[in-house]
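Use the sequences and the hints to build the structure in full.
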Amino acid sequence: MFGKKKIKPHVLLVDNFEQVRDVAQSVLESNGYTVTAVGDVGEALKALGKKMPDLIICEAELSGIGGIGLYHRLKKYPDTARIPFIFLTAYEHRKVEKELLLQDILIPKPVKWKDFFGQIAEFVNRRTPPPAALPQAVARQQPRKKNKQAGGEPASAKHVVSSMQTKTPSSRDTLQKTAARNVPQRVELKPQEEKKKRKRRAPLAILPEGHATRNFADPTSLFQLKQIKDLFSTMLKSFKSGMACKNESVVFPSSPCNWQEIIHLALQPRETHAFYSRPQEEVLLDLEVIESMDMAEPQETTDTLSEDDKLVAELMLEEAVSSDMAEVAVKSGADEPFLQPVPSAADASAREAILPTQEAAVAVQEGRSEAPVVCEEELPAAETAQLLSDPGLLRWQAVCGDYIWQSSQAQTVWVDKDEVLSTWEKSLEREKVVEMCHTMLSMAGLCFQAFGEEFSVAYVMVRSERDHIFFTQEEENRVYGIAAATDSQASDSLGGYA
Amino acid sequence: MTISATSIVPLLQEFCALRNNIRAIALSDLQGTLLAQVLPSQSDMETVGTVMSSTWMMAQESLLELGRKQIKQIFIKGKQGWIVLHVILDQWILLVFASHELSPRELFAEVQQLSNRMAGLLRG
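Chains as they are written, first to last, in this note's numbering: chain L, 1 to 498; chain X, 1001 to 1124.
Since the hints were derived computationally from the structure, they do not count as laboratory data.
Heads up, the beta-carbon is just placed ideally off N, CA and C, and yes, glycines get one too.
A hint or two may mislead.
Claimed, not checked - Distance condition first, Cα-Cα at most 25 Å in a straight line; then the derived SDA-like pairs of lysine to any residue:
| no. | chain 1 | residue 1 | chain 2 | residue 2 |
| --- | --- | --- | --- | --- |
| 1 | X | Lys1077 | L | Asp487 |
| 2 | L | Lys432 | X | Asp1029 |
| 3 | L | Lys432 | X | Gln1073 |
| 4 | X | Lys1077 | X | Asp1029 |
Stated by the list, open to error - Examples of chain X residues lying across from chain L (beta carbon under 7 Å, computed):
| no. | residue |
| --- | --- |
| 5 | Pro1040 |
| 6 | Lys1079 |
| 7 | Val1087 |
| 8 | Leu1122 |
As the list claims (entries may be wrong) - Derived list of chain X stretches under chain L, where covered just means 3 residues or more per stretch with a C-beta under 8 Å from a C-beta of chain L:
| no. | stretch |
| --- | --- |
| 9 | 1045–1058 |
| 10 | 1062–1069 |
Shown next, in the form of structure tokens:
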């Protein structure tokens, strides 16, 4: 009678969260385990004193000595050291893994409960049996029919049960340990299909443009605190080191996914750098110089300019002509021009020839848009015109307001074209601009995601002791901008908030 | 410094209750530990605390690069609304998430008023 009764492997489950205990217990019990669930280390030690489990599943973050302390204590004594141990935790995995002996494992939380038992079964199967169990292990390798004995029990179970019948109670513990070693055999009885299912990877899904940042890609459903913290610290290190890489989309597996895979994807170095080594000065367009001339309408300009400014303007124009630079026409916003026209550049035919679009030329002719501008700079005219007339810039201008462009500092970078516009007081590296904008906007996006909203940010304004710094981007056109504004400028831009 | 969350939570609850446009509000320390919060049901406290402190830290780094020393406030415009992060007594970060119906001017005024009241409680 006793021989026909199956021995259920006994699991000691230690977790301070009742919900986790309940779910894990029901999963394990439905798969033929007996579970003792406790909430802290003290209870766990009491349970161990009453009955040795075949397997321990334990949370690392527990009160008192914690799960790791319990683990070390158990590993000190031969009787408990042999018990397979699984950490089921969301605690920093690296720290836990450092503590783990080779034969034990960690299952990270959040747990996919449907795979939970498969993971445990695989672990128990993989676990190397101690030398004492080798005969059973060898026996298991024999054909199944040879293992079958009375009652259809596997040989090992039979062996254990019959031993229990004949031996004294004092040897019970030893027998239970033997049973623990035999757990793999019983677990192995689970269908193989389950293991195969678990190994199947979810298809990779490429997220749409605009949702990917250097380190994050729309992780709405993938938030896990520890990993995010790791990513933040990596991002910060990268930021401090001044390394700026091209902001390529990161391909994240769709949920369900493996977090280690995500971290690997997020942290792997990007293939190409965003910029060439061309010095910033070569492509610098100093808007401030032009703005400081306080130039207005063409016919009024000569009256409003000071003598010094006139001289600077003449020198600039002479230089432009002598270097055979083409005139640069700029289609500025209809309401908020950020570059004022220079009088001597009023050559309609030349302007039409280099206007970026026909519509823009028509707009200028019909007076719907501002007149084009001649800028002293070294960029090829067509590129500059394209850059300045780019919708991204116009949006950037709309975001920050013309005040910032006309009398404050700003720097804008077009990632793909290796261009930079700057009136910044000190020479900012383009990589830094991109990195800073990208970082700030990514973090801002995550702020919204933390509330279940879209990962989408128009701009970030940071108020310092001196002024306000705006960070913004035009994702589609890959334009990044940083601008500094005084209190009143920022206040005007934001509807008079200050 | 020992802070009593019991005195701050009612203040946040009152702030939200009186304004329909406030969608979330939280107070954390600079390390991201939330002291008090009124969050939507889908938000996780730890996540909110982490993004708050991380955003603040990143902004601080960026501003140092740009030659500034200290952040007073971060203002984010998103598709769904505004998020304001405001420092209180150099030790605490107040986050307010408001929908677009609230103008920046109103939002800043509300945040300033609230932060003054909270500063009083945190000092006390």
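Answer holds if the nearest beta-carbon of chain L is closer than 7 Å to that of Pro1040 of chain X; otherwise answer violated. holds, 6 Å
For the stretch 1062–1069 of chain X, do three or more residues have a beta carbon lying closer than 8 Å to a beta carbon of chain L? holds (count 7)
Compare the distance between the alpha carbons of Lys432 of chain L and Asp1029 of chain X with 25 Å, and conclude whether the hinted pair is satisfied. violated, 28 Å
How does the stretch 1045–1058 of chain X fare against chain L when you require at least three residues with a CB closer than 8 Å, holds or violated? With 10 residues in contact (Cβ-Cβ under 8 Å with chain L), the coverage given for the stretch 1045–1058 of chain X holds.
Min Cβ distance, Leu1122 of chain X to chain L: is it shorter than 7 Å? For Leu1122 of chain X, the interface hint is violated, since the closest Cβ of chain L sits about 20 Å away, which is over 7 Å.
Quickly compare the C-alpha distance for Lys432 of chain L and Gln1073 of chain X to 25 Å and report which way the hint goes. Holds - the C-alpha atoms of Gln1073 of chain X and Lys432 of chain L are around 22 Å apart, at most 25 Å.
25 Å limit on alpha-carbon distance, applied to hinted pair Lys1077 of chain X and Asp1029 of chain X: Measuring from Cα to Cα gives roughly 23 Å; hence the hint holds.
Identify whether the interface hint at Lys1079 of chain X stands, where standing means a beta carbon of chain L within less than 7 Å of its own. Since chain L brings a Cβ to about 5 Å from Lys1079 of chain X, closer than 7 Å, the hint holds.
Interface restraint verdict for Val1087 of chain X against chain L (beta-carbon cut-off 7 Å): Not OK, violated: Val1087 of chain X not within 7 Å of chain L, min 10 Å.
Verify the proposed pairing of Lys1077 of chain X with Asp487 of chain L, using a straight-line Cα cut of 25 Å. holds, 18 Å
Violated hints, in rising order: 2, 7, 8; the structure is consistent with all others.
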